[in-house]
Structures are given as C-alpha cells and as structure tokens.
Amino acid sequence: LPISLLTLYCVNPSENLKKCLKKNYSTVFFSATLSPIKYYIEMLGGENESYRLKLPSPFKKENLNVYVSPVNITA
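Each step along the sequence shown adds one to the number in UniProt numbering, with nothing skipped, and position 29 is 29.
Among the clues, some could well be false.
[As the list claims (entries may be wrong)] Just the calculated beta-carbon pair ranges, DEER-fashion:
no., residue 1, residue 2, range
1, TYR9, ARG52, 21 to 29 Å
2, PRO36, LEU5, 27 to 35 Å
3, SER31, ASN63, 15 to 23 Å
4, VAL66, LEU34, 16 to 24 Å
5, PRO36, VAL11, 17 to 25 Å
6, ASN24, SER69, 18 to 26 Å
7, LYS61, TYR40, 18 to 26 Å
[Claimed, not checked] Taking lysine to any residue pairs in the SDA-like style, the calculated list, with each CA pair at most 25 Å apart, reads:
no., residue 1, residue 2
8, LYS23, LYS38
9, LYS18, ASN48
10, LYS19, LEU55
11, LYS23, LEU53
12, LYS22, THR33
13, LYS54, THR33
14, LYS18, GLU49
15, LYS19, ARG52
16, LYS18, ILE41
17, LYS18, LEU44
No wet-lab data here; the hints were simulated from the structure.
Glycine residues also receive a C-beta, built at the ideal position from the N, C-alpha and C atoms.
Could you build all of it, start to finish, from the sequences and the hints given here?
As structure tokens, this is what we get:
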C-alpha cells in the first residue's frame, strides 16, 4: 500500500494580502465567521484605522445544531 503523508503549515497571509490590497481603492471582506475581528483585521492585512462593522446575528441561537459523524481514515 502507498504511504500517505499529510503536512500542515501555519500560514500568515497578511503581508502578501497587504501588497495586493494596497493596489485597490477599497476592499470588502464579509463572513459570519470573522471573529475575533481584531485578529482577522491583522491576518487580512488591515490597519488599526481600517473601517469595520459588526452586526448581530440574524439567526436564533436555539436553531443551532451540531452533528458529528465518525470517519475512518485508515487505509
């Protein structure tokens, strides 16, 4: 059987993103998962003066469900 190898790298994209984003007049990032906001501003190449807007979730917390299914990854 072939040997499989998985390598994980912790990548910080902020410097490359800053270079690309500085070429634009403005950039908009939006997601329901950009929290904590200060961390993502830094990781996405933002500055302290970058404009941000945080809105409350439109979804009811009691509607959240988490489902877990076992996965077998052995060869």
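Practice item. Tell me, in ascending order, the numbers of any earlier hints that this structure violates. Key: Numbers 6, 10 - these are the hints that the structure violates, sorted from lowest upward.
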